[in-house]
Amino acid sequence: EAQVTQNPRYLITVTGKKLTVTCSQNMNHEYMSWYRQDPGLGLRQIYYSMNVEVTDKGDVPEGYKVSRKEKRNFPLILESPSPNQTSLYFCASSAQLGGRPYAFFGQGTRLTVV
Amino acid sequence: GQQVMQIPQYQHVQEGEDFTTYCNSSTTLSNIQWYKQRPGGHPVFLIQLVKSGEVKKQKRLTFQFGEAKKNSSLHITATQTTDVGTYFCAGLDKLIFGTGTRLQVFP
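First to last, the sequence lines map onto chains H and F. Just so we're on the same page, my numbering is the position in the first sequence counted from 1, plus 45. Quick note: the second sequence, position 91, residue 88 per my numbering, numbers continuous.
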């Protein structure tokens, strides 16, 4: 089954404790992206990756890191989480439709930083 | 940078009423996509529009792409409780999403 898998689904952590949210897709997609969703702000792009070893900043990259060492994996790293990073996070990979990408989303990770 | 705004932010309707959400971009879009996110779920792709003035229908949903390719709309005829959720538009090949419209339908 084609899917994007995020782990963990829920996480409560303390300020400053490094954490990683994993994202894996089994569709051989080149494009992957991370979003955070906050009430009234929609889906804001954090980082995206066009291919292995190619990553770029989205609209809200501060406080986050990513890596793309393999095509299927695109982990999101919070080196020193702060309470303002409490949010719902989605990973997405992109398929092509008519030559243009559209997104498959993971189930989401609800992160709380206290 | 490129921005995609949606209005309204929230909409409450009585079941059977129509609903429309509008998507506006600060720049011309090569295509526009619409996604639906059910409460507690993740966004799911609905449709893609590419041509200027294009109109597509999916049952009670009608999607339209503006002539200038800077705006789009989603219209739902005779809403049902199953339509509840947040509707997002997305533009450009970087998949920049709009702010979303949350629809609540009262039976």
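Don't read these hints as lab results, they were simulated from the structure. Wrong hints could be hidden among the right ones.
[Claimed, not checked] Reference listing, derived: stretches of chain F covered by chain H, where coverage requires no fewer than 3 residues with Cβ under 8 Å from a Cβ of chain H:
#1 15 to 26
#2 60 to 66
#3 73 to 82
[What the hints assert, rightly or not] Pulled from the structure, derived: some chain F residues nowhere near chain H, Cβ distances all over 10 Å:
#4 Gln3
#5 Gln6
#6 Glu12
#7 Pro36
#8 Lys56
#9 Arg57
#10 Ala87
#11 Lys91
#12 Ile93
Where a beta carbon is used, it is the ideal one built from N, C-alpha and C, also for glycine.
Now the hints, each set against the structure:
Under the rule that three or more residues need a Cβ within less than 8 Å of chain H, the assignment of the region 15 to 26 of chain F is violated, with 0 such residues. Counting residues of the region 60 to 66 of chain F whose beta carbon lies closer than 8 Å to any beta carbon of chain H gives 0, which falls short of the minimum of three for the stated coverage. Figure legend: the region 73 to 82 of chain F, annotated as covered by chain H; annotation inconsistent (0 residues with Cβ-Cβ distances under 8 Å, at least 3 required). A beta-carbon of chain H is positioned within 10 Å of the beta-carbon of Gln3 (chain F); the least distance is around 7 Å.
At the 10 Å boundary, the C-beta of Gln6 (chain F) falls inside the reach of chain H, the nearest C-beta of that chain being 6 Å off. With 10 Å as the threshold on Cβ separation, the claim that Glu12 (chain F) sits away from chain H holds: the shortest Cβ distance comes to roughly 25 Å. For Pro36 (chain F), the shortest C-beta to C-beta distance to chain H comes to about 12 Å, beyond the 10 Å cut-off, and the non-interface label holds. Distance check on Lys56 (chain F): its Cβ is at least 20 Å (rounded) from any Cβ of chain H, clearing the 10 Å threshold; non-interface status holds.
For Arg57 (chain F), the condition that its CB be more than 10 Å from all CB atoms of chain H holds, with the nearest at approximately 22 Å. A beta-carbon of chain H is positioned within 10 Å of the beta-carbon of Ala87 (chain F); the least distance is around 7 Å. For Lys91 (chain F), the non-interface assignment is contradicted: its Cβ lies about 6 Å from the closest Cβ of chain H, within the 10 Å cut-off. Not every CB of chain H lies more than 10 Å from the CB of Ile93 (chain F), the least distance being 6 Å, so the non-interface label is violated.
In the structure shown, a violation is registered for the earlier hints numbered 1, 2, 3, 4, 5, 10, 11 and 12, in ascending order.
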